[in-house]
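Based on the hints, put chain B in the right spot on chain A.
Taken in order, these protein sequences are the chains called A and B. Just so we're aligned: 79 in our numbering is position 78 of the first sequence, and the numbers increase by one with no gaps anywhere. Just so we're aligned: 71 in our numbering is position 70 of the second sequence, and the numbers increase by one with no gaps anywhere.
One should not assume that every hint holds.
All copies of an identical chain are treated as equivalent in the list; a pair is satisfied when it fits inside any one copy or across any two copies.
[Unchecked claim] Simulated pairs of lysine to aspartate or glutamate, DMTMM-like, Cα-Cα distance not exceeding 25 Å:
id	residue 1	residue 2
1	K376	E167
2	K376	E334
3	K316	D306
4	K82	E436
5	K292	D378
6	K316	E361
7	K328	E68
8	K363	D335
9	K328	E364
10	K363	D108
11	K328	E374
12	K20	D46
13	K168	E147
14	K44	D222
15	K269	E105
16	K64	D306
17	K168	E83
18	K316	D335
19	K316	E336
20	K292	E383
21	K316	E426
None of these hints come from the bench; they were simulated from the model.
These are the residues of each chain, in order.
Protein chains: 2
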Amino acid sequence: MKVAKFGGSSVASATQFRKVAHIINSDVERRIIVVSAPGKRFKDDIKITDILIQLAQAVMAGKTCDEIVQAVVKRYAEIAKELELPADEFLAELKNDLHRKMNEYRDNPSRLLDAIKASGEDHNARLMALYLQEIGLEASYVSPREAGIVVTDEPGNAQILPESYEKLYHLRNRRGVLVIPGFFGYSPEGNIVTFPRGGSDITGSIVAAGVKADVYENFTDVDSIYCVNPSIVENPRQLREITYREMRELSYSGFSVFHDEALEPVYKAGIPVCVKNTNNPAAPGTWIVAKRNHLDEPIAGIASDTGFCSINISKYLMNREIGFGRKLLQILEDEGISYEHAPSGIDNMSVILRANQLKEGKEQRILARIQAELKVDEVHIEHGLALIMVVGEGMERAVGMAAKATTALAQANINLEMINQGSSEVSMMFGVKEEAVVDAVRALYQAYFQEAVVGNEV
Amino acid sequence: MKVAKFGGSSVASATQFRKVAHIINSDVERRIIVVSAPGKRFKDDIKITDILIQLAQAVMAGKTCDEIVQAVVKRYAEIAKELELPADEFLAELKNDLHRKMNEYRDNPSRLLDAIKASGEDHNARLMALYLQEIGLEASYVSPREAGIVVTDEPGNAQILPESYEKLYHLRNRRGVLVIPGFFGYSPEGNIVTFPRGGSDITGSIVAAGVKADVYENFTDVDSIYCVNPSIVENPRQLREITYREMRELSYSGFSVFHDEALEPVYKAGIPVCVKNTNNPAAPGTWIVAKRNHLDEPIAGIASDTGFCSINISKYLMNREIGFGRKLLQILEDEGISYEHAPSGIDNMSVILRANQLKEGKEQRILARIQAELKVDEVHIEHGLALIMVVGEGMERAVGMAAKATTALAQANINLEMINQGSSEVSMMFGVKEEAVVDAVRALYQAYFQEAVVGNEV
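One chain only, chain A, in its complex shape:
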């Protein structure tokens, strides 16, 4: 059986609902459907989720909310009307549900926000089930509570509890198509709690792992995952296949297709993921798998991200001092700083971290502590760093991978602030100044994907 998740743009309008129904209809294995809330229909459209956030904020601010509630109801009503659904009861219940939550959580902002946001997915799943029934499918809405999605009780940051998987497995015994809203679960105390970033993807992944699906299909609005950010390289190569590890390393820095936490349940259960396009379901999409069949292309992709900084420390005879690195990392931990990498030389050590953690004097305090507690010769911070990851399962076996990258960067006249290769078997990391990152990624793309023999290509 397959679990198919449809993202916001895939369920944004009646037209999209029809495409989804067609996709479900065309494969009897698609028995469990996870849906997002209606997303954008056009570039400047507003997502239902964003309207719902406005609603929650209005409640908290004690403002009148009728107009916002109307805007929410209108979006669903339009879809229902165009699909010619008998939706009066559905729309009345939607309105009641919003008002009920607005009252119940009026004095509890974080609960209110979670409950109101979650209703976007919840009612869309109900509407989808209604539509599928209307066109003659045996379909039913299944709430996350009924499905067994039990999560920790931390608003906006739900983590799945292990007992969920056993409960979810029983969904296999249900007849027909099951439609489950994404993005939230219920805590053991019975509260609605939303997942962090990538919410509906997480639901889909958890459900796929729970029911031991053969495939987790993730329907979105692109034909495939690209090997590089299409806003940096025009019409980049499409990936036919990528491994979990490759996806994880790429999603770390700028590949927003699939968030880490969404990948974990299927990765651990060994269930392949297929990323497909709702608007072009005939395209083969991109498979995320444990082991690639096509290894002729050692590099899977190139990702990049900006906003890093580097704390650079030097101290004569540093490497003789047992415990130096540990003490440095302890200072960062005390200050609540999560670091990315800590490469060291003989008398030098650098710590690379996301600069947005250094607010409100924290930078000065950390530098002062390093100076005072570690008695270093010099410490300074370098801002404006970008990290580039070149990722591929074939990298470890291929001689000359690093040479190709560094030569391409040198030819593009890009100075390398950092190279980190060898700690991961599937990636190399390069640090460059932020202003050089676009040129650097283009140079690497050129070297790995345009000069290479055509291999892992659709």
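Below, chain B without anything else, positioned relative to chain A:
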């Protein structure tokens, strides 16, 4: 003024004594001389220091020592005789001194070893002073106690105490040539304590820093420092100039010319070092300086060392876990392990360390602790690693340095286990399998020194 230190081979025989005298005579600025014990005169010769170690061991074992004492006396007697010195008194005092120490420290092995070893340098300094006087120089032997070399009381591992420098400064006021034995100082309690590796170099460096010399001359038996180990590359390029930082990074891995601890006092005092050849004093030698004048050659040298291993750890979502790296380093610190580098990827971290630290089940214990305490997905250890350092002050400013190295290694078909660039401004580090290290160093030498424009060359 100059402080000139003469190594073991420079003071091994009467012929060498004459060369030293000639060198001292040829420059009035050479006012303080530091001497080693007589070293090897030919390939299979034995150093005085090694005979003295045998002597100490014989005393500890309760064996008869007369023959060994005779062997020591004979070496000095031969030098004295060939130099036509009236040395009866000197030789009698040498013999008395050895017997006095053998008796005094009979029941204290580490003190005995230090005292006996130190007498090699001590009596050579006395003999050198005698010879310089004999040829008409105003010269005097100055003991480390008289000079003011006060050290910590740890046998075989003396560390200079800061009050020494002020005392040493007064040597500037003494007339004539002062001859000081290298390798040892006196603890505040009055014990003879020897320095760790590079002993006489340390004395020379401390004295140069104390008297605020203009130059610290280090006389040895090569014309210069080479840019790469001559046992790996035949007739490698000689270095005219190198910075303290470059020297430090090179000496870390295989450059035995100048030990770290010997460089520290002159580095901190900003005193330039000139490494010269006693057997060819006309050669310009190699200058070790704070700032190179010749930066046309960005790379100063290539060093390598074997005997490393890498603990490789992977754990899904490792980089989300605040404190992971710190906890790992804490385990190593608990086990008394000093690590070299700890590069990390997204879900991976490696720790590179010298394998000789992992004796007696420590390897298994550390792996088990990492597994149990950090709940990692996988941990394993990779033995047989070599590290190669490419070192140069010009590296940071030059685009393409890494490309040159990685391309050369790829062309030599060498797989890179690790690249670490960016933490140090003056070096890049490469990890390769031990069996590939010679080919790798040769390939790098070829790339940086044989294809490059001739620059930093004698």
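Worksheet item: Within a copy, between copies, both or neither: where do K82 and E436 come within 25 Å Cα-Cα?
Response: Cα proximity of K82 and E436: none, with 50 Å in one copy and 74 Å across.
Worksheet item: Given identical chains, is K328 near E364, meaning Cα to Cα at most 25 Å, within a copy, between copies, both, or neither?
Response: This pair counts as both: shortest intra-copy Cα distance 17 Å, inter-copy 23 Å.
Worksheet entry | Intra- versus inter-subunit Cα pairing at 25 Å for K363 with D335 | Within one copy only: 11 Å inside a chain, 30 Å across chains, cut-off 25 Å.
Discussion item. If the cut is 25 Å between Cα atoms, do K292 and E383 qualify within a copy, between copies, both or neither?
Written reply: between (39 Å within a copy, 23 Å between copies)
Practice prompt. Measure nothing new, just compare the shortest in-copy and cross-copy C-alpha distances for K20 and D46 to 25 Å and report within, between, both or neither.
Written response: within (20 Å within a copy, 90 Å between copies)
Worksheet item: Given a CA cutoff of 25 Å, do K316 and D306 count as a within-copy pair, a between-copy pair, both, or neither?
Response: For K316 and D306, the Cα distance is within 25 Å only across copies (22 Å; inside one copy 30 Å).
Worksheet entry | K64 and D306: within-copy, between-copy, both or neither at 25 Å Cα | Intra 39 Å, inter 71 Å, cutoff 25 Å: neither.
Worksheet item: How would you label the pair K328, E374 (within, between, both, or neither) given a Cα cut-off of 25 Å?
Response: Cα proximity of K328 and E374: in one copy and across copies (9 Å, 19 Å).
Item to complete: Since the copies are identical, ignore which copy is meant and state whether K376 and E167 lie within 25 Å (CA to CA) inside a copy, between copies, both or neither.
Response: between (54 Å within a copy, 24 Å between copies)
Worksheet item: Are the CA atoms of K269 and E105 at most 25 Å apart within a copy, between copies, both, or neither?
Response: neither (38 Å within a copy, 70 Å between copies)
Worksheet item: From the Cα coordinates, with 25 Å as the cut-off, is the pair K316 and E426 best called within, between, both, or neither?
Response: between (31 Å within a copy, 13 Å between copies)
Worksheet item: Is it within a copy, between copies, both, or neither that the alpha carbon of K316 lies no farther than 25 Å from that of E361?
Response: Neither, since 27 Å and 32 Å both go past 25 Å.
Hint compliance for this structure: hints 4, 6, 7, 10, 15, 16, 17 are broken, all remaining hints hold.
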